[in-house]
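Here's the letter readout for the chains.
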Amino acid sequence: MYGYSGKILHVDLTNRKSWSESKPEEWYKIYIGGVSMAARLCWENIEVGCDPLSPGNPICIAGGIFVGTPVPVGGKWGLASKSPLTGFLGDSLSGSWFAVALKRSGWDGIVIHGASPEWVYVLVDDDKVTFRPASHLLGKGTFETEEAIREELGDDQVRSATIGPAGEKLVLYANVTNDGRQAGRTGHGAVWGSKKLKAFSVRGTHDVKVADPETLLKFCFDISKTAQGKYTEKYRVLGTSSNVLSMNRLGLLPTRNYQEGEFEDAERVSGEYLYENFRVKTIACAQCPIACEQMRRVKDGPYAGAMSGIEYESLYALSSNLGIGDVRVSIKLIDLCDQGGIDTMSTGVTIGWAMESFERGVLKKEDFKCAKYPEGFEPNFGNGDAAVTLAEMIRDREGIGDLLALGTRKASAKLDAERGSESFKWAMHIKGLELPGYDLRALKTFALGISVVTRGACHNRSATYDPDIQGEVNRFTVDETRGKVARETEEYAAVYDTLPMCKFIRRCFTGKADRSGAWPVIAQLINATTGWNFQYEDVDLIGERAIAIKKAFNIREGWTRKDDHLPWRVQHEAMTKGASAGYLVTEEEHEYMKDLYYEVKGWTKDGLIPKQKLIDLGMQDVAKEIGV
Amino acid sequence: MPTSTSKYQYITCDPQKCVGCQLCEYVCSFTKTGAFNTYRSRIRTVRVQEILITAVACRTCENAPCVIACPREALSQDRETGVIRVDEARCDGCAWCVEACDFGAISINPATKRAEMCDLCGTLEDGPQCVKWCPKEALELTTPDQQAQKARHDLVKEEVIGSGS
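Protein chains in written order, with our numbering: chain A, 86 to 713; chain B, 10 to 174.
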């Protein structure tokens with residue numbers, strides 16, 4: 086087999102054992118890698134119905150076909166566990182060297198079982214697995230932990246995925262970091278923390294061999310050169326933070342916890358402003374010829390020295406969404422989240438919820454007591470110091486940080502139960518995962534697409550804002566096409582997330598990003614790597630299968646149709662300013678669109694998957710368990 | 010007038026342009042071994058902290074310290090090109106050359122236990138493959154004198170126009 090070793094490594098933290106499992110080639114043809122393979126490993130290895138923070142919840146890591154080859158943007162890895170934030174499947178992707186080290190260590194995937202009695206980190210040194218003490222690493226930030234492990238082992242080629250202090254303290258949206266990139270969402274850091282796993286380190290020295298290197302190299306060369314042109318300019322120069330001004334113009338830039346979609350200080354937190362005033366360097370993930378990570382550093386003021394790669398999603402969450410117009414504060418917050426090991430998006434949206442709760446009088450000054458402010462403080466929107474203090478309190482679970490560490494769904498439920506308040510009305514999440522940076526009220530297709538995503542509110546799994554914003558459909562209204570649009574957009578993304586490959590390359594294959602432009606080239610890349618004979622249809626099926634296994638996991642964990650919901654505010658409170666003012670997604674519209682989506686997926690009206698559908702996808706064993 | 014007596018070419022990397030993608034390592038290891046393995050690349054990317062990134066290959070030093078250090082006279086320097094040649098029959102992988110190299114540009118092949126370094130892809134018509142592949146044009150085939158000229162030009166630009174321009 087080319088492109089794969091055919092082996093999955095199992096690591097048992099409870100009993101300090103490890104073993105190898107062989108998988109047949111057919112299994113790889115169905116689950117491929119990335120989120121789909123990680124989800125499948127989770128399906129096979131979880132104790133159904135378990136508490137996400139219990140030993141029965143496995144950590145499942147998957148590489149992919151193109152990792153360790155020169156295929157542009159193919160150096161990514163997938164991570165899946167049951168999410169402590171959503172209670173459903175949490176699947177994340179990250180990029181860079183950790184993925185490559187994993188591939189060269191000779192393992193296609195890793196399943197980590199059980200829980201360790203003491204803090205450990207695991208070292209996979211090609212075939213050898215060792216459990217190493219980690220108590221000396223506790224409290225260290227993510228980057229610092231990686232560096233400390235490299236120093237300890239005396240090898241700068243060792244790559245580690247780590248958790249920060251937030252993961253150790255089980256912040257429910259703590260993340261996992263490697264090489265400056267994050268498997269950011271759904272709380273993997275808390276799952277690792279619950280197992281007392283501080284880091285997972287890999288040294289991989291084996292060769293990566295592909296079936297037809299000459300053909301592969303020819304494609305790679307052309308794609309790499311094309312990737313220096315106009316199709317990626319947005320990413321290479323301003324990075325994704327160029328979205329700030331575009332979203333603001335459309336009235337979709339979440340402002341003050343999604344109360345409005347237009348921010349008066351948008352210019353001063355824009356990608357353009359960051360480029361002019363804060364740029365230091367552009368960096369890339371391993372294997373990436375685009376290089377989109379725009380490093381920005383604060384030069385003056387109380388946060389001088391703070392530095393991070395600034396992505397749009399982190400930026401909106403920690404600037405406009407908090408009413409903060411001083412972008413130096415946002416850079417500080419992003420840096421703080423990255424080093425502390427917490428998801429920037431959930432952190433920003435949860436702080437936004439706290440600020441609104443304060444402004445509405447549900448939370449009081451004395452609720453915000455902490456070591457720094459023994460009398461408490463007043464976290465109004467726009468108060469940068471309060472935002473930084475709250476992020477630190479979340480990371481350390483200090484004071485009210487302990488409540489905020491639960492995320493908006495659980496925090497609002499707890500607060501409302503204690504105080505009789507209705508803070509759930511401004512808890513901006515779907516399935517417990519906080520929203521991304523696009524207001525849903527005037528993006529009707531996106532409102533459907535994001536509500537059916539298996540991991541909760543995620544713009545990566547369903548980029549249905551794109552057809553809305555590009556004008557392929559009318560974003561202000563609902564019609565019978567939306568189910569189909571949502572299905573196609575979601576499955577398109579799932580192909581990339583499964584290979585896995587970064588979507589920023591999508592226009593560089595042929596100039597056309599759609600299926601007809603991308604799939605034929607991707608099929609040839611797959612064939613040159615693996616020696617398989619994939620055609621257009623086979624590539625297309627990768628996406629449908631990925632959604633099916635993830636959905637199947639959720640169904641087995643108790644998913645029902647009502648879990649595909651929208652935040653209360655999106656259905657009941659219109660914005661008053663900007664180009665998207667006055668719109669809502671009514672319950673009737675939403676339920677109608679869900680009907681369309683389930684139907685076009687070939688699922689039942691209740692959103693369940695028929696047995697035959699799963700059998701047709703090659704998932705007989707899944708059909709037996711959850712097919713209807 | 011040349012500022013260095015060395016006319017030997019070597020591969021240089023502009024750390025401002027290098028993004029750390031490692032494509033040079035993939036293509037080098039493939040060119041030399043037929044497989045992808047950045048451990049086996051003769052050009053190595055280095056990242057110290059997030060934003061300090063570059064790539065390093067043999068600098069074809071004059072009076073190369075590696076040649077002098079070799080206790081078995083296994084290393085020699087091509088007079089025309091400055092490329093270091095390894096006599097595989099003599100080399101026993103003792104790694105004195107590895108230690109002698111100020112640039113960390115030599116490694117010992119774990120399989121053959123022989124020293125390896127960049128040879129500027131001397132046998133290939135289209136020259137060093139890493140230079141050809143580098144997506145950011147950070148890698149260049151250069152000489153010490155060309156580098157010195159470039160440094161002077163950069164200095165003027167920086168002093169007159171200011172950094173970042």
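Just to be clear, a hint being listed does not mean it is correct.
[What the hints assert, rightly or not] Below, a list of computed lysine-lysine pairs in the PhoX-like style, where the Cα atoms sit at most 20 angstroms apart:
no. : chain 1 : residue 1 : chain 2 : residue 2
1   : A       : Lys303    : B       : Lys122
2   : A       : Lys315    : B       : Lys26
3   : A       : Lys569    : A       : Lys319
4   : A       : Lys319    : B       : Lys122
5   : B       : Lys122    : B       : Lys41
6   : B       : Lys26     : A       : Lys303
7   : A       : Lys310    : B       : Lys26
8   : A       : Lys294    : B       : Lys41
9   : A       : Lys310    : B       : Lys122
10  : A       : Lys454    : A       : Lys569
[Claimed, not checked] A short, non-exhaustive set of chain A residues, derived as facing chain B with CB atoms under 8 angstroms:
no. : residue
11  : Gly153
12  : Lys213
13  : Val214
14  : Thr215
15  : Lys294
16  : Ala371
17  : Thr562
18  : Val563
Just so you know, the hints here were simulated from the structure itself, not pulled from any lab data. Fair warning: this is a prediction, and the values are worked out from it, not measured in the lab. Glycine is no exception: its CB is placed at the ideal position from the N, C-alpha and C atoms.
These are the hints, each one checked on the structure:
1. A:Lys303 / B:Lys122: Measuring from Cα to Cα gives roughly 32 angstroms; hence the hint is violated.
2. A:Lys315 / B:Lys26: The given pair, whose Cα atoms are some 18 angstroms apart, holds under the 20 angstroms limit.
3. A:Lys569 / A:Lys319: Outside the cut-off at roughly 28 angstroms; violated.
4. A:Lys319 / B:Lys122: violated, 46 angstroms
5. B:Lys122 / B:Lys41: Measuring from Cα to Cα gives roughly 15 angstroms; hence the hint holds.
6. B:Lys26 / A:Lys303: Violated, at about 24 angstroms.
7. A:Lys310 / B:Lys26: With Cα atoms ~15 angstroms apart, Lys310 (chain A) and Lys26 (chain B) stay inside 20 angstroms; holds.
8. A:Lys294 / B:Lys41: holds, 13 angstroms
9. A:Lys310 / B:Lys122: violated, 36 angstroms
10. A:Lys454 / A:Lys569: Not OK: Lys454 (chain A) and Lys569 (chain A) at ~50 angstroms, beyond 20 angstroms, violated.
11. Gly153: Where the cut-off is 8 angstroms and the nearest Cβ of chain B is about 6 angstroms from Gly153 (chain A), the hint holds.
12. Lys213: violated, 16 angstroms
13. Val214: violated, 20 angstroms
14. Thr215: Where the cut-off is 8 angstroms and the nearest Cβ of chain B is about 20 angstroms from Thr215 (chain A), the hint is violated.
15. Lys294: holds, 5 angstroms
16. Ala371: Since the shortest Cβ distance to chain B is 5 angstroms, the answer is holds.
17. Thr562: violated, 43 angstroms
18. Val563: This interface hint is violated because 43 angstroms lies over the 8 angstroms limit.
Hint compliance for this structure: hints 1, 3, 4, 6, 9, 10, 12, 13, 14, 17 and 18 are broken, all remaining hints hold.
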